[in-house]
Every structure is written in C-alpha cells, then in structure tokens.
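Assemble the whole structure, with the sequences as input and the hints as a guide.
According to the UniProt record's numbering, the stretch in the sequence shown is residues 1 to 535, in order.
It is possible that part of the hints are untrue.
[Stated by the list, open to error] Cross-link-like lysine-lysine pairs, in silico, DSSO-like; alpha carbons within 30 Å at most: (1) 212 x 224; (2) 220 x 248; (3) 220 x 77.
Calculated from the structure, these hints are not laboratory results.
Just so we're clear, the structure is a prediction, and the values are computed from it rather than from any experiment.
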Amino acid sequence: MRTLSLLLSFFLHALIATVLIQTLHLGRTLPPKLMELDLTALAEPVIAPFPEPTPLPAPLPVEPAPEPQPQALPMDKTILLDDAPPPEPAPAHTPASVPPPQEPPPVAEAIDISPVKTVAPSEPPPPSEEASRPSPAGEQEEGKGPPIMVSRHDVLAHRGHEARFGRSMMAEYYTYESSEFSGQFQTRDDRTISIIDARDTEYGRFLIYDSKNKTLRRLKEFAKYIYTIGPSLYADEPVTGTVTFLAKDDRIERFILMTDDDRIAHFPVKVHVRESDVQFAAPGADPAPKPKARGKSGKEQDALAGRATLPPAGGGHPGVVLTYGERCVDDGLVRGFTRALSASGLAVFSFRPRGCDESGEAVASVRPEGISVAEAATRARQRQAADTAAALAYFVGLEAVDGSRAGVWGNGTGVAAGLALALALEPEAVRPAFLVCLLDDSVGPDGLPGSAGLARLDMPVLWLITGRNLGRWQSFVSTLESLRDGQGLAFTIVMAPLRGGQEVLGARGEFSGWVEQVAEEHARLGASWIAGLAQ
Numbered sequence: 001m002r003t004l005s006l007l008l009s010f011f012l013h014a015l016i017a018t019v020l021i022q023t024l025h026l027g028r029t030l031p032p033k034l035m036e037l038d039l040t041a042l043a044e045p046v047i048a049p050f051p052e053p054t055p056l057p058a059p060l061p062v063e064p065a066p067e068p069q070p071q072a073l074p075m076d077k078t079i080l081l082d083d084a085p086p087p088e089p090a091p092a093h094t095p096a097s098v099p100p101p102q103e104p105p106p107v108a109e110a111i112d113i114s115p116v117k118t119v120a121p122s123e124p125p126p127p128s129e130e131a132s133r134p135s136p137a138g139e140q141e142e143g144k145g146p147p148i149m150v151s152r153h154d155v156l157a158h159r160g161h162e163a164r165f166g167r168s169m170m171a172e173y174y175t176y177e178s179s180e181f182s183g184q185f186q187t188r189d190d191r192t193i194s195i196i197d198a199r200d201t202e203y204g205r206f207l208i209y210d211s212k213n214k215t216l217r218r219l220k221e222f223a224k225y226i227y228t229i230g231p232s233l234y235a236d237e238p239v240t241g242t243v244t245f246l247a248k249d250d251r252i253e254r255f256i257l258m259t260d261d262d263r264i265a266h267f268p269v270k271v272h273v274r275e276s277d278v279q280f281a282a283p284g285a286d287p288a289p290k291p292k293a294r295g296k297s298g299k300e301q302d303a304l305a306g307r308a309t310l311p312p313a314g315g316g317h318p319g320v321v322l323t324y325g326e327r328c329v330d331d332g333l334v335r336g337f338t339r340a341l342s343a344s345g346l347a348v349f350s351f352r353p354r355g356c357d358e359s360g361e362a363v364a365s366v367r368p369e370g371i372s373v374a375e376a377a378t379r380a381r382q383r384q385a386a387d388t389a390a391a392l393a394y395f396v397g398l399e400a401v402d403g404s405r406a407g408v409w410g411n412g413t414g415v416a417a418g419l420a421l422a423l424a425l426e427p428e429a430v431r432p433a434f435l436v437c438l439l440d441d442s443v444g445p446d447g448l449p450g451s452a453g454l455a456r457l458d459m460p461v462l463w464l465i466t467g468r469n470l471g472r473w474q475s476f477v478s479t480l481e482s483l484r485d486g487q488g489l490a491f492t493i494v495m496a497p498l499r500g501g502q503e504v505l506g507a508r509g510e511f512s513g514w515v516e517q518v519a520e521e522h523a524r525l526g527a528s529w530i531a532g533l534a535q
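Set out below in structure tokens:
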C-alpha cells in the first residue's frame, strides 16, 4: 500500500511539473549573432550618377589673322631691280686702350695613335687552276655543302635581274611625250626648277634652270629617263649632277635631282597645269590654207590654232593673252613660258602667228608687188593686233577665266601689237583690263608709239624693260615718267637688267630671250603685279 502511494505521488508530482513547464515559456538561449555572409550571390553596387556639369559659355569666334600679302608694285615710281647683296656694316671703332684680340695659337696636326690601323684592301690574287676546279667527292671542307655544278645549258640569274625584267615589261605600258618632261617643278622650300624643251632650237636639248643657284644647264640623255648635268651650259664633262624622272601612272610626277652644289637629293614635284589646244575665229585672209570657224557674227572666218593654259585647279583666274609678234618661235619655248605663268596663278592663252606651221617654222610667203617693207610691217602689226583682239574675245569666254581681269601680255616684238590693240579698240571690241609690255633685246624704242600715242593708254600698264643694255631705253623711260607724273597715267616701270649667272648671260641665240624670261623669273614678277591690281 505504501509502495502504491509512493508511485502515485511520484506521477502526480511529475504531472504537476509538466503542466507548470508548459504554462511557463522560456526562450532559447542562443549565442550572439556576429555576421552572416552569403557566398552564393554578390550584390551589385549601386552607382549614383554624377551630376550634369554646368555648360560653359560659348567661346567667342576668333577670326584667323590674314596672311601678309606682298606689297604691290607702286604706280608712281620707277623700280630698278638690283640683286646685289647689301653692303657690310662698318666695323665698330676699337678704343686705343683695348688691345687687339690675339690670334689663337695654331693647333698641331693630330697624330693617329689608334691601335687599329685601317689598311686599304688589296686585290685578291687570281684563283689558281687547282682552286677553281671542284673538289672530288669526300674532300669537301667541313661545314660546306657540295659544290654547285653549272653547265653551259643553264641560265644564270644574277641579283637585280628580276627588277630589270619587271621594268622591261612595264616600260612599254606607259609612253610619255616630251611635253611631260618640261614644266615647273617645286620643292618643299619654295624652290622652283624649270625644265625647258629646247631640243628643236640651237640648244638642241632640254634645259634646266635652278632658281636657287641661278644656274642654267643643258641635260644630256644617259638613259630613257635619266639625264646628266655638266659643269657649264655647253660642257658635259665632268658630270656634276643627275636628273632621274619618276612617273606616276600615265604622267611624269617628279624627278630626283642630285648635284654637287647641294650634296643631298631633292625631289621636285611637277606643277601640273591644264592645257588644251583650241581653234578660234580670226578675221582677215591668210595666204596659207586654214580651217574655218564661226565668229560672233555667225560668219565663217579663218580659224587660228591656240592653246589655253590654266592653273592646276579652280576657276575665276586672272589671265593674259600672250602675243609675241610675227616671228615663228619653237613651241617648246613658248610652252615653257606659258607654264611658268600658269604655275604663278595666271590663265594664259597663246596662239600661233599667221605664216607659221605647227612645228614653229615659217611658211614661205611672197610680199605683194608695190608694197614697201615699212608698209608690209605696218600691215603685219595691224593683222597681229586683230588676231590678238580675236584671241582676247575668245579667252574671256572661257569658264575658268575672270573676264574682268583679262589683259594682254606682249613679249618682245609682240609689244607693238598689244599697244596697237589698246589704241585702236572699236566700241564693240573686248577691252583688255591691263597691259604687260616686256621689252627685251629683240625690240627697240623706234618701233613703239610716241608720246601722243602713249598718252591715250587709260589702263594700267606694266613696263618691264630687261636686256643687256638698258641705257638705250633712257629716253623712252623719261617719256613714260613724264606721262605718269604729269597726267597721272597708271604706269608701273620696272628696269630689270639681266642678273643671272654666266650661263644665262652667255646663252646668246635667236631665241635666248625666251630662256632668259623663265630664268629671270619675269613670269612671277608679272603675275605678282596683276594680282596687286585687284587689291
């Protein structure tokens, strides 16, 4: 009984303890939470956008400073071109108390004490007969392969044959006319080198003129595109330079110039002017048969051959009609001068005088009976002036020419025709904007108009007087100065004595004036004056 009561008491206490425990909630005691790190996923950082910058004020437009323009030739002075160097400054006075500077002692000649001596290589001895024979098998030197046996049926290909073979294949692909070699070539340092085609003249070859060294030389052909330069105009030996023309596609692009004066190679680039041969209508009859063309009146007239030479690109260029009288001049010399003018920015129109064939030779003609030599010369001058007027009317209609800045450039005997054109203009004729009168040794003051005729010139005129003897023009220059100063005529007078080298001065010949005009850079001077008229 006691045992039963003990068991019941035990179960009763256990039940009461269980009920108390269930009614009483106790939280679980856990260790403090330190850090939780999830290695399976990385949170992408949120990048806050930067604030938009405050816009800066727009900069004020700055116009580039205009390039300095060369000073125009004055219209109220006579200019004498002188290429002499400026005088040296006078030495400063040295006080007596200051002793003169002593010359440094002479430096003793340096003695070579290098342990390594440079000995001129001696010629190797000729190979012996045994050395020239191939070694038998098994006796070759160690480290060398078996000898190469060459039979008489084999073809030897030496070094460079592949290049020469390629050049021989391409040599006939492009052909270049003689006109491609002549022209104006320029270097990076504003150096102009002129190649003049004078092969059909007494010079007999191409001429090369260097504006830097003031040298004129003849080119002697060495190979198809290689020419040599001699020590003087008429000497070929010893060779002092070479010219190697380089082509690009179908035209000559540049050449390699190597001379003893520079010691380094130059690569002048050609100024590719635009040239086109045309036919233009001219009035009057001509004894030689000529093709016909229609003039402004619609009537068929004699057609003369002309050539328009334009600068490399662009339009609206000032220009001149070149007239050089009734004399027949080789086409290569005329083209050399017109290219020099176009390289200076001028459009040029030249035409062949009546009585000259395509090669520049005179066609035989007979003076009509009953006409004196003086009257025949007057008629020829009037005919040349009429042809020049027709050429000017055609020239101003070209798209690339500014007709308001088109004038007449008279060379030598062509000055009289240009002046006759300006003094005998008809009301409906095209008026030249200016005249350029280049007077050289081929013409004298006797064939020019007098003071009364010159006073009627109401347009700007550049009188460029050159030659070996300028004294014979003193009276004519005095007349021009009196008309300019007294009546206010726009006359610019430039006295340009020949100042080239001995080669230029010694290039005496029938057409040496054309060479001198390119060599003396008269084209650049005239183009500068024409550009100054617009200012």
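Can you give the numbers of the hints that this structure goes against, from lowest to highest?
-> 3
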